[in-house]
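Sequence order for the protein chains is A and B.
All residue numbers for the first sequence refer to my numbering, where the first residue is 1 and numbers rise by one.
All residue numbers for the second sequence refer to my numbering, where the first residue is 1 and numbers rise by one.
Accuracy of the hints is not assured; some may be wrong.
[Claimed, not checked] Keeping only pairs whose Cα atoms sit at most 20 Å apart, straight-line, the calculated EDC-like set for lysine to aspartate or glutamate is: (1) A/K151 - B/D206; (2) B/K34 - B/D206; (3) B/K419 - A/D182.
[What the hints assert, rightly or not] Pair by pair, the computed Cβ-Cβ distance ranges are: (4) A/D146 - B/V764: 43 to 53 Å; (5) A/T125 - B/E488: 28 to 38 Å; (6) B/E653 - A/D64: 42 to 52 Å; (7) A/D146 - B/S493: 49 to 59 Å; (8) A/D64 - B/P644: 35 to 45 Å; (9) A/D27 - B/F374: 50 to 60 Å; (10) B/I495 - A/I24: 52 to 62 Å.
No wet-lab data here; the hints were simulated from the structure.
Beta carbons are placed, not taken as given, at the ideal position from N, Cα and C, and that holds for glycine.
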Amino acid sequence: MNDMRNVIFISLLSFFITSCEDVIDVDVPTAPPRLVIDASINWFKNTPGNEQFIKLTLSAPYFDTEVPPANGAQVIITDTNNNTFNFVEDRNTGFYSNNNFVPEINGIYNLTITYNNEVYTATETLKSVSSVEFIEQQNDGGFTGDEIEIKAFYTDPINEENFYFYRFTNTTEPDISLEVYDDEFTDGNQIFAFYTDEDLAKGHELIIRNFGISEQFYEFMFILQQQTGDNGGGPFETQPATVRGNCINQTNPENYPFGYFRVSEADELTYIVQ
Amino acid sequence: MKLLKSALICIFCLINIPLFSQEKYTISGIVSEKTSNETLIGVTMLFPELNTGTTTNEYGFYSITLPKGTYKIIISYVGFDNINDTISLNENITKNFNLIETSENLDEVIIKENVEKLNIRKPQMSINALSSNSIKQIPVVLGEADVIKAITLLPGVTNAGEGSSGFNVRGGSADQNLILLDEATIYNSSHLFGFFSVFNPDAIKDLKLYKGGIPARYGGRVASVLDIYQKEGNNKAFHANGGIGIVSSRLLIEGPLKKDEGSFLLGGRSSYAHLFLPLFDIDNVAYFYDLNTKFSYKLNKNNNIYLSGYFGRDVFSLADSFENTYGNTLVNFRWNHLFSDKLFSNLSLIYSDYYYGLNLDFVEFEWNSGIQNFNVKYDFKHYISDTFKLQYGLNSIYYKFNPGKIEPSTPTSGINLFKLTDKYAFENALYIDAEHKLSDKLTMSYGLRFSSFLRLGQDELNIYENDLPVIFNEDFQVYQNAKPIDSETFKRSDIIESFSNLEPRVTLALQLTNESSIKASYNRMSQYLHLLSNTSSPTPLDVWTPSGKYVKPQLLNQFAIGYFKNFNDYSFELESYYKTIKNRIDYIDGADLIANNAIEQVILNGKARAYGFEVLLRKNEGRFKGWLAYTMSKSEQQTPGRTPSELGINNGEWYSTAYDKTHDISFTGSYQFSKKWKLNTNFLFQTGQPTSYPNSQYIFEGITIPNFGNRNADRLPAYHRLDVSFRYTPKPSKNKGLQSYWVFGVYNLYDRKNATSITFDRNVTTGANEATRLAIFGIVPSVSYNFKL
Numbered sequence: 001m002n003d004m005r006n007v008i009f010i011s012l013l014s015f016f017i018t019s020c021e022d023v024i025d026v027d028v029p030t031a032p033p034r035l036v037i038d039a040s041i042n043w044f045k046n047t048p049g050n051e052q053f054i055k056l057t058l059s060a061p062y063f064d065t066e067v068p069p070a071n072g073a074q075v076i077i078t079d080t081n082n083n084t085f086n087f088v089e090d091r092n093t094g095f096y097s098n099n100n101f102v103p104e105i106n107g108i109y110n111l112t113i114t115y116n117n118e119v120y121t122a123t124e125t126l127k128s129v130s131s132v133e134f135i136e137q138q139n140d141g142g143f144t145g146d147e148i149e150i151k152a153f154y155t156d157p158i159n160e161e162n163f164y165f166y167r168f169t170n171t172t173e174p175d176i177s178l179e180v181y182d183d184e185f186t187d188g189n190q191i192f193a194f195y196t197d198e199d200l201a202k203g204h205e206l207i208i209r210n211f212g213i214s215e216q217f218y219e220f221m222f223i224l225q226q227q228t229g230d231n232g233g234g235p236f237e238t239q240p241a242t243v244r245g246n247c248i249n250q251t252n253p254e255n256y257p258f259g260y261f262r263v264s265e266a267d268e269l270t271y272i273v274q
Numbered sequence: 001m002k003l004l005k006s007a008l009i010c011i012f013c014l015i016n017i018p019l020f021s022q023e024k025y026t027i028s029g030i031v032s033e034k035t036s037n038e039t040l041i042g043v044t045m046l047f048p049e050l051n052t053g054t055t056t057n058e059y060g061f062y063s064i065t066l067p068k069g070t071y072k073i074i075i076s077y078v079g080f081d082n083i084n085d086t087i088s089l090n091e092n093i094t095k096n097f098n099l100i101e102t103s104e105n106l107d108e109v110i111i112k113e114n115v116e117k118l119n120i121r122k123p124q125m126s127i128n129a130l131s132s133n134s135i136k137q138i139p140v141v142l143g144e145a146d147v148i149k150a151i152t153l154l155p156g157v158t159n160a161g162e163g164s165s166g167f168n169v170r171g172g173s174a175d176q177n178l179i180l181l182d183e184a185t186i187y188n189s190s191h192l193f194g195f196f197s198v199f200n201p202d203a204i205k206d207l208k209l210y211k212g213g214i215p216a217r218y219g220g221r222v223a224s225v226l227d228i229y230q231k232e233g234n235n236k237a238f239h240a241n242g243g244i245g246i247v248s249s250r251l252l253i254e255g256p257l258k259k260d261e262g263s264f265l266l267g268g269r270s271s272y273a274h275l276f277l278p279l280f281d282i283d284n285v286a287y288f289y290d291l292n293t294k295f296s297y298k299l300n301k302n303n304n305i306y307l308s309g310y311f312g313r314d315v316f317s318l319a320d321s322f323e324n325t326y327g328n329t330l331v332n333f334r335w336n337h338l339f340s341d342k343l344f345s346n347l348s349l350i351y352s353d354y355y356y357g358l359n360l361d362f363v364e365f366e367w368n369s370g371i372q373n374f375n376v377k378y379d380f381k382h383y384i385s386d387t388f389k390l391q392y393g394l395n396s397i398y399y400k401f402n403p404g405k406i407e408p409s410t411p412t413s414g415i416n417l418f419k420l421t422d423k424y425a426f427e428n429a430l431y432i433d434a435e436h437k438l439s440d441k442l443t444m445s446y447g448l449r450f451s452s453f454l455r456l457g458q459d460e461l462n463i464y465e466n467d468l469p470v471i472f473n474e475d476f477q478v479y480q481n482a483k484p485i486d487s488e489t490f491k492r493s494d495i496i497e498s499f500s501n502l503e504p505r506v507t508l509a510l511q512l513t514n515e516s517s518i519k520a521s522y523n524r525m526s527q528y529l530h531l532l533s534n535t536s537s538p539t540p541l542d543v544w545t546p547s548g549k550y551v552k553p554q555l556l557n558q559f560a561i562g563y564f565k566n567f568n569d570y571s572f573e574l575e576s577y578y579k580t581i582k583n584r585i586d587y588i589d590g591a592d593l594i595a596n597n598a599i600e601q602v603i604l605n606g607k608a609r610a611y612g613f614e615v616l617l618r619k620n621e622g623r624f625k626g627w628l629a630y631t632m633s634k635s636e637q638q639t640p641g642r643t644p645s646e647l648g649i650n651n652g653e654w655y656s657t658a659y660d661k662t663h664d665i666s667f668t669g670s671y672q673f674s675k676k677w678k679l680n681t682n683f684l685f686q687t688g689q690p691t692s693y694p695n696s697q698y699i700f701e702g703i704t705i706p707n708f709g710n711r712n713a714d715r716l717p718a719y720h721r722l723d724v725s726f727r728y729t730p731k732p733s734k735n736k737g738l739q740s741y742w743v744f745g746v747y748n749l750y751d752r753k754n755a756t757s758i759t760f761d762r763n764v765t766t767g768a769n770e771a772t773r774l775a776i777f778g779i780v781p782s783v784s785y786n787f788k789l
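Isolated chain A (complex conformation) (with noise of 0.2 Å):
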């Protein structure tokens, strides 16, 4: 519903051949870099969920064509059952991983990060998933009527607050594309995530991701996508602000951290475009 504006108004554009998008040179400010934190723990359905990872870069100046990971940083998740998981920093890459990870339905994770001598900590719940059902493939969708429309199904459960949050890769573009549903008008039925691209052809691969997550997740993801990509700028964005994640920096608030930490049950499938 969100696009919707966005929607009919680049619809509305098709008329004015002189409208026109053109990449410019712009001067924007530079805020001094940031701890991110990209710690998402996903436990797939049918596996055991052991070997997770978490990957730690700092914020860039918005031009510059890398961003550069955050070294020497001490990782640890604990649980409720008082078992304590360390994450090691492959080289100097910025991945920290751990092979010894247990997964539980509900269960409260608690992480904690040592970086630049400044702590930082956050709490989530591992939320569990619908499970992809099948995918329905439709060739004459999107905003000029011939674009492919991917449409992935599942159930949700009734008298429940569920939230998901899917990621369909396109493996041959390469392509991602995320998407967050909440279940506010269709709980207890049977719905899709939906997946359109311009580019998308017959043959290509889609892996397309479910994960279940918390609300706090879905708020955040949520207006992670105004600001970005498709969604972002237009007459139509709303405004844009700094999104602030459940991390916090224990040692001194005002330097917060960037992204998230999200624990999920997941489900996969993979699909070859028809």
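Given chain A, put chain B in place with the hints provided.
Using the frame of chain A, we list chain B on its own:
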């Protein structure tokens, strides 16, 4: 004792003398245009020997009470020949006048106001009036004459960019403008995202924009009043008026219902550009249409009735997967009644409906939302004497708000039926306004409006702990929705919340010389309805919400001061204003307003202020006519935290509103080369709109995320463009039968790519971040053929 007796006799005589030598009589009547009997608004009736006069009201009626005697009268109205006459006032008389359009009837004037000496004295400021003819002169994109585009050329009026609907007056938001069409409120003044306005220029008789100095008879919105009156229709003969353009066409038919007594007017407009899209293999549809109707009937010399209607729709559809329809509907019945030759009244009964519907076939649901209102207005204009005029009346509106209903459109749809709770309200006002000539040089208008708003009972009003629907999470330093702890259901006749406000309005005009004056005004206004919109400009998806338990009325104070001068063919106005608004709604970061049944969970209360100065230089006579307007202003808002430990929005600091434009220069002019050819041109220059640029980037979940800091701290590049159009009239002296003219125009002559928005994104091919500018209109030529029968 003798001294006292003489003194008493003197006083007695002084008291008695007025009774004899100052017998007063009233002259009143209607001023109309000769060939159509269309009443004329704002016609000046000047009595030069008495140095006094009056003007006709919105229904063409005038009334003035003068001492017995014989006087010269000069009746003048821009675009028409003057009438010079002599009146013998020995008793109360009714005298109607018919004005004839100036014979070179294509010699249009751009603004008609403040040309006469009488207007130098009038205690009215911050008002601009435009006639339909002048609106049709101003070149606009695609050659379509447009009311809203024309008023944005005036000082103090701007909009939030191309593709934005609505307009902004003196730093106010688009929902703070009261837009009236024949006394009925219009909620959305634009078609197709602001590319066209909902007003058919052929159907309009007169238009006034009040930017400040708003009289007490208007209320309900805090920034401005756009008061538009439609023509009644020619009650002598049938006529048609129309035009065919590249994107849209219009046709208006008018004529008598009963010769000299009744008339009708039917006008329609539609766009058809979407019919060409299949040529480009695009299966989308976007069009609008509107219909204006009016029936007028003169029952007898003291009673007139009118029935007006307006129906407009915008339709978008995308390849069968999605269809969107929205628009205004208005039906309005009015009765003018003359209680005496000094007391004019108008009763209006209005029904208005704003509908918004969405049909999403690919997700299988339908969405309907809207606002309906019933409105009764009773206005009295009491012409007590030539120095004192009183206006008073009442205005009552009953609202029903449907914030939305979501319905599955097929039996297999995955969407559940959901109805957002309907809201009801009752807004009332009583007002009294006086226009008082205190001395030869000083005229004042002062008034008071008492307004009240009752939020009526509804189902399921949410209750929150400590009455706080928004909570501040100190750990994460973000605002979050609070969960309701309970809900309450009321009867329709219960009153959940009530508000009332006294709104004083004062304007002073002090004449300095015959050609110049100083004016000052103070307004206090309140607004009880709010358009919920957290995008840079309103969209049709935005919902109007009434004040209530969690949403307070907006309250405004505006001060303005100005200097006015006429010299030779020019007039000059300089005005400065300052306004403050309490209870301006602001939204927490990422607020999702669509289909939100609990909007109180995403809003915070803030304040706004705006100040600036405006300069307007106009040339009203001669081959070259036009105006140059310059506005320098600031419009900002602030939402501090509710307690010292809360952040507020944008860290509780003032930030620019989306329509804050520091410098705004508009030039519009017309040059009559010959009887057949006329050149019209516009030049605009504006400071770029405020926007937010990213101050860093990071990678999360494989996606590059731009990070934004303060709201609206940056600016888009400056906006400027030049438009030119030529009007060609093949037979300028023809004034019977089919008369026509062509307009050849170019919008944005030097093809400036003005940024509507700049988006920041990662280029998938190169892997680098880039800024992409969207410009909607490059150079756009247009042609239209316009006729009158």
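Hint-by-hint comparison with the structure:
In summary, the hint linking A/K151 to B/D206 is not supported, as the alpha carbons are separated by about 54 Å, beyond the 20 Å threshold. Our distance criterion of 20 Å between C-alpha atoms is met by B/K34 and B/D206, whose separation comes to about 17 Å. Restraint check for B/K419 and A/D182: satisfied, since their Cα atoms lie roughly 17 Å apart, inside the 20 Å limit. Checked against the hint of 43 to 53 Å, the C-beta distance between A/D146 and B/V764 comes to roughly 21 Å, which is inconsistent with it.
Between A/T125 and B/E488 the beta carbons are some 32 Å apart, a value that agrees with the proposed interval 28 to 38 Å. With their beta carbons about 28 Å apart, B/E653 and A/D64 fall outside the hinted range of 42 to 52 Å. Between A/D146 and B/S493 the CB atoms are about 56 Å apart, so this pair conforms to the stated range of 49 to 59 Å. Separation of A/D64 from B/P644 is about 38 Å and conforms to the stated range, judged on CB atoms against 35 to 45 Å.
Judged by the Cβ atoms, the range 50 to 60 Å given for A/D27 and B/F374 holds: they are separated by roughly 54 Å. Restraint check, B/I495 to A/I24: a C-beta distance of roughly 55 Å satisfies the suggested window 52 to 62 Å.
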